[in-house]
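Knowing the structure of chain Y, use the given hints to seat chain B on it.
Protein sequences, first through last, are from chains Y and B.
Note that the first sequence covers residues 294 to 532 in my numbering.
Note that the second sequence covers residues 123 to 714 in my numbering.
It is possible that some hints are incorrect.
For lysine-lysine, the following BS3-like pairs were computed, each having C-alpha atoms within a straight-line distance of at most 25 Å [said to hold, decoys possible]:
| hint | chain 1 | residue 1 | chain 2 | residue 2 |
| --- | --- | --- | --- | --- |
| 1 | B | Lys505 | Y | Lys451 |
| 2 | Y | Lys352 | B | Lys474 |
| 3 | Y | Lys352 | B | Lys471 |
| 4 | B | Lys626 | Y | Lys300 |
| 5 | B | Lys215 | B | Lys298 |
| 6 | Y | Lys352 | Y | Lys300 |
| 7 | B | Lys471 | Y | Lys300 |
| 8 | B | Lys505 | Y | Lys498 |
| 9 | B | Lys300 | B | Lys230 |
| 10 | B | Lys219 | B | Lys505 |
| 11 | B | Lys219 | B | Lys708 |
Taking CB as the label site, the calculated pair distances span [said to hold, decoys possible]:
| hint | chain 1 | residue 1 | chain 2 | residue 2 | range |
| --- | --- | --- | --- | --- | --- |
| 12 | Y | Phe382 | B | Ser478 | 34 to 44 Å |
| 13 | Y | Phe382 | B | Tyr260 | 50 to 60 Å |
| 14 | Y | Asn392 | B | Asn259 | 52 to 62 Å |
| 15 | Y | Gly387 | B | Ser478 | 27 to 37 Å |
To be clear, the hints were calculated from the coordinates, so they are not data collected in a lab.
Ideal Cβ positions, reconstructed from N, Cα and C, are used throughout, including at glycine.
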Amino acid sequence: MGGSLLKPVILIGIVYTILKFVVPNIPGSAPLPASLIFLYLMLTTSGIVIFATLSGESKDAFWGPIQRFLTGENIGSLQVLRYGVLLLFPLIVGWQTYNSTATSDAPPAENRTIHPAPPGEYTGLSNPVAKTPDTIQQGKGFYAAFCSPCHGGNFDGKGPAARGFNPPPANFSDPTTIAMLQESYLFWRIKKGGVGLPIEGMPWKSAMPRWEVELPDEWIWKIIMGEYDGAHQSPRTWE
Amino acid sequence: MQQQGGWIQRFLQAVKGQGGMLSGLLWAVGLLSLPALAFGADVAPAAATEYRDIPYIGSRNLVWVVAQLHLLLAGFVLGVPIFAWLCEVVAWKTGEKRYDKLAKEFTKLLTSAYATTALFGGILLFLLISFYPKLMNYLTDIFFPSFIVYCLLFLVETATLYLYWYGWDAMQDGGKKKFHIFLGFMLNFFAFFIMIVPNSWATFQASPVVLAEGSDLARAWAATWNPTWWPVNIHRLIANVVLGGYICGAYAGIRYLSARNAEERDHYDWMGYVGNFIGVFGLLPLPFAGYWLMREIYQYNQQMGITLMGGFLSWLFILQAMLIGVLFLGSNYDFWLGITYRIPGSELKYRKPMLSMLIILLLCLGVWMTPHSLVASLEEARKMGGTHHPLLGVFGVMSAKMTVSNLMILVTFMSFIMYWRAGKEETAGWAKAAKAVMSSLLVLAGIAVVVLGVWGYFVPAIVRINYFSTSQVLIVLFVMLTITPLTALLLKSAKTTTEMVWGKMPPRAGYALVLNAIMVILLMTLMGYARSSSRVHWHVYGVLRDSSQYAFSPALGYAAAIMALNTFVFCMIVAFIFWVATMSDKAKAPHS
Numbered sequence: 294m295g296g297s298l299l300k301p302v303i304l305i306g307i308v309y310t311i312l313k314f315v316v317p318n319i320p321g322s323a324p325l326p327a328s329l330i331f332l333y334l335m336l337t338t339s340g341i342v343i344f345a346t347l348s349g350e351s352k353d354a355f356w357g358p359i360q361r362f363l364t365g366e367n368i369g370s371l372q373v374l375r376y377g378v379l380l381l382f383p384l385i386v387g388w389q390t391y392n393s394t395a396t397s398d399a400p401p402a403e404n405r406t407i408h409p410a411p412p413g414e415y416t417g418l419s420n421p422v423a424k425t426p427d428t429i430q431q432g433k434g435f436y437a438a439f440c441s442p443c444h445g446g447n448f449d450g451k452g453p454a455a456r457g458f459n460p461p462p463a464n465f466s467d468p469t470t471i472a473m474l475q476e477s478y479l480f481w482r483i484k485k486g487g488v489g490l491p492i493e494g495m496p497w498k499s500a501m502p503r504w505e506v507e508l509p510d511e512w513i514w515k516i517i518m519g520e521y522d523g524a525h526q527s528p529r530t531w532e
Numbered sequence: 123m124q125q126q127g128g129w130i131q132r133f134l135q136a137v138k139g140q141g142g143m144l145s146g147l148l149w150a151v152g153l154l155s156l157p158a159l160a161f162g163a164d165v166a167p168a169a170a171t172e173y174r175d176i177p178y179i180g181s182r183n184l185v186w187v188v189a190q191l192h193l194l195l196a197g198f199v200l201g202v203p204i205f206a207w208l209c210e211v212v213a214w215k216t217g218e219k220r221y222d223k224l225a226k227e228f229t230k231l232l233t234s235a236y237a238t239t240a241l242f243g244g245i246l247l248f249l250l251i252s253f254y255p256k257l258m259n260y261l262t263d264i265f266f267p268s269f270i271v272y273c274l275l276f277l278v279e280t281a282t283l284y285l286y287w288y289g290w291d292a293m294q295d296g297g298k299k300k301f302h303i304f305l306g307f308m309l310n311f312f313a314f315f316i317m318i319v320p321n322s323w324a325t326f327q328a329s330p331v332v333l334a335e336g337s338d339l340a341r342a343w344a345a346t347w348n349p350t351w352w353p354v355n356i357h358r359l360i361a362n363v364v365l366g367g368y369i370c371g372a373y374a375g376i377r378y379l380s381a382r383n384a385e386e387r388d389h390y391d392w393m394g395y396v397g398n399f400i401g402v403f404g405l406l407p408l409p410f411a412g413y414w415l416m417r418e419i420y421q422y423n424q425q426m427g428i429t430l431m432g433g434f435l436s437w438l439f440i441l442q443a444m445l446i447g448v449l450f451l452g453s454n455y456d457f458w459l460g461i462t463y464r465i466p467g468s469e470l471k472y473r474k475p476m477l478s479m480l481i482i483l484l485l486c487l488g489v490w491m492t493p494h495s496l497v498a499s500l501e502e503a504r505k506m507g508g509t510h511h512p513l514l515g516v517f518g519v520m521s522a523k524m525t526v527s528n529l530m531i532l533v534t535f536m537s538f539i540m541y542w543r544a545g546k547e548e549t550a551g552w553a554k555a556a557k558a559v560m561s562s563l564l565v566l567a568g569i570a571v572v573v574l575g576v577w578g579y580f581v582p583a584i585v586r587i588n589y590f591s592t593s594q595v596l597i598v599l600f601v602m603l604t605i606t607p608l609t610a611l612l613l614k615s616a617k618t619t620t621e622m623v624w625g626k627m628p629p630r631a632g633y634a635l636v637l638n639a640i641m642v643i644l645l646m647t648l649m650g651y652a653r654s655s656s657r658v659h660w661h662v663y664g665v666l667r668d669s670s671q672y673a674f675s676p677a678l679g680y681a682a683a684i685m686a687l688n689t690f691v692f693c694m695i696v697a698f699i700f701w702v703a704t705m706s707d708k709a710k711a712p713h714s
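In isolation and in its complexed conformation, chain Y is listed as follows (with noise of 0.2 Å):
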């Protein structure tokens, strides 16, 4: 088997290496689901393909192998391997079959819709309460009063109750949390709660209370103004 066959192959398990088992445990990190590492493997062998075929003598070196194997033309002891893909293939394929037809007590992959579009009567909203130093120290008042047990002291999702919940309290210090919305949209989901998220968003799984029964609307405008402020994240505008 010609080399250029095994660098690819040493690249490609350098790559799964890398994804499996360095970056989990890169600090702050965690594990990625193997939807993530599939596709990045994907585009890993898709570079090896096009780049091995840019030229005549790097295809060949690259494909000869291959093509050798399979058609079984000079190679010698490698005959038995041959057969033996010949054997594991069809083994393969069957298993796989049977894996993703199988009945299971696992539960389906999440794919859940985080953020679901808001109901028209929301959109249009802005915060009336003026913005003070006054009204958000109110709102983060506010917020240590309702929020905090879950959302954290620290804006950062993980108050002393987080632990509970799946999915987790959002972390609002996050930028690609709160800093992606409009407040008119946090206003919806804090009066609404995880009972008035839409069909879009199903399955329900948010333990998010719906305040609306609880708070006036004018301290939940409050407590969004504390939580931008607290989190060091401002709302999305158009001005």
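Positioned in the frame of chain Y, the structure of chain B alone reads:
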């Protein structure tokens, strides 16, 4: 009917004697009307029909397929004249006759493609009137004046097309050629308006504006100037150029693969290069136009913006990333194969830069395709602390996507420059300095794009959208607008060290060209679904609700099947058009 007629006659004869012809007629009419009275007793007064349906296929599916095919054909019919006219101008300016031949070859397609597009447009109109009378009444009431303008535009466009095509050979010399080029320009000018008038109808459905009382013209004008009209106009115009270019490439690819002699191989290899070049030329600014459109949508309505970018349609953009990624890879692959096979001896010199560019493209594509919310099993999600990965989750938002798309544009531009310069040796005294400036510009631009992308996470969204993303786009455009003329100047005095050899590309180059065209068509069908689905259960967003049985958004898997069907049917139609248009040429061509 004959039996019934006989019965009426016998009845009339019977009553003739009793009361005359007139009374007999009245009796007959009365008797014939009895069933109508019986039916009318239950439903009077009859309500206006709002929807109609057809069995098995469903009205929505049929309209979906016909509308998408009409749009793809329209893109082709509007893209090809741009392509042909550009080639004709190049031929006129440089004196290279092969460009003129290419332009003519593609203009020949226009007459049959134009008729097919109009045919699908007519079918679509009948289907819309039949299936959605309420919606069509509403839109007609608003856009009636622009319907008239649209008809007039068609008249002048058709006349111009006939003059342009049938006058090709007669207008080849001197002033006549200039007039022919002017005709080509007018063809594109009218075509542009033919595109933007119906765009106003479709964009009004997505982003309607408040219409004050006034004349018909004033209301139509106000509805036309809706917030997404111009972003869609620009986006579609560029996309049509891309479609025209890549379809030319695919046609050349197929003809190259089936070429019967060296001359044909040379010609179609060259045509494939031109098609790929024009496709890439359009592809580079396309993401900017798309970004602008999405920004306008989000600003127009948060609900629609979130439905598209964060809601149930957000997975669609991962598919989009994959298709665009394949398109970028395919286009670069064609340039790289061109360097290797058309410029003998260049392979070793450029292999390392190609590898670097490939790695950058794949890394960028990896980031672009990383979703914000990952598909994970319960156990995997638990380990990650949710469906957002704590480290790679940052790739899932616009700052990252915008950064990598800009980098991919830069890399593709570099590929083109590399191809342009391959096989030539610069002789100008300032060549070294120019190359240093160009390299520094590229490196600095790349760094600036990445810095702005990372910084974008730490500033308010409006700063990122209005300033950082815009700056990224301007930096990339600046690089392209600086390096292109500089390279052209540099190559003006350059010595050709290796002559370009046409017709030596491997078969995979032809397949890559076909793949590119399929990717563009799939992309257009995907975006058609996105545009339509973003309105959710509204015919006219927030104004006219869809109350039919189809007032739901089809799932992405189902939509993907329809997209694939549309892509396949469109490819078959285009293949048929090519076959019909080139039938006589093939019959005339000598067999070798």
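Evaluation of the provided hints:
no., hint, in the structure
1, B:Lys505 with Y:Lys451, "15 Å, holds"
2, Y:Lys352 with B:Lys474, "16 Å, holds"
3, Y:Lys352 with B:Lys471, "18 Å, holds"
4, B:Lys626 with Y:Lys300, "28 Å, violated"
5, B:Lys215 with B:Lys298, "15 Å, holds"
6, Y:Lys352 with Y:Lys300, "14 Å, holds"
7, B:Lys471 with Y:Lys300, "21 Å, holds"
8, B:Lys505 with Y:Lys498, "17 Å, holds"
9, B:Lys300 with B:Lys230, "20 Å, holds"
10, B:Lys219 with B:Lys505, "65 Å, violated"
11, B:Lys219 with B:Lys708, "21 Å, holds"
12, Y:Phe382 with B:Ser478: 34 to 44 Å, "36 Å, holds"
13, Y:Phe382 with B:Tyr260: 50 to 60 Å, "59 Å, holds"
14, Y:Asn392 with B:Asn259: 52 to 62 Å, "54 Å, holds"
15, Y:Gly387 with B:Ser478: 27 to 37 Å, "42 Å, violated"
Of the numbered hints listed earlier, those contradicted by the structure are 4, 10 and 15.
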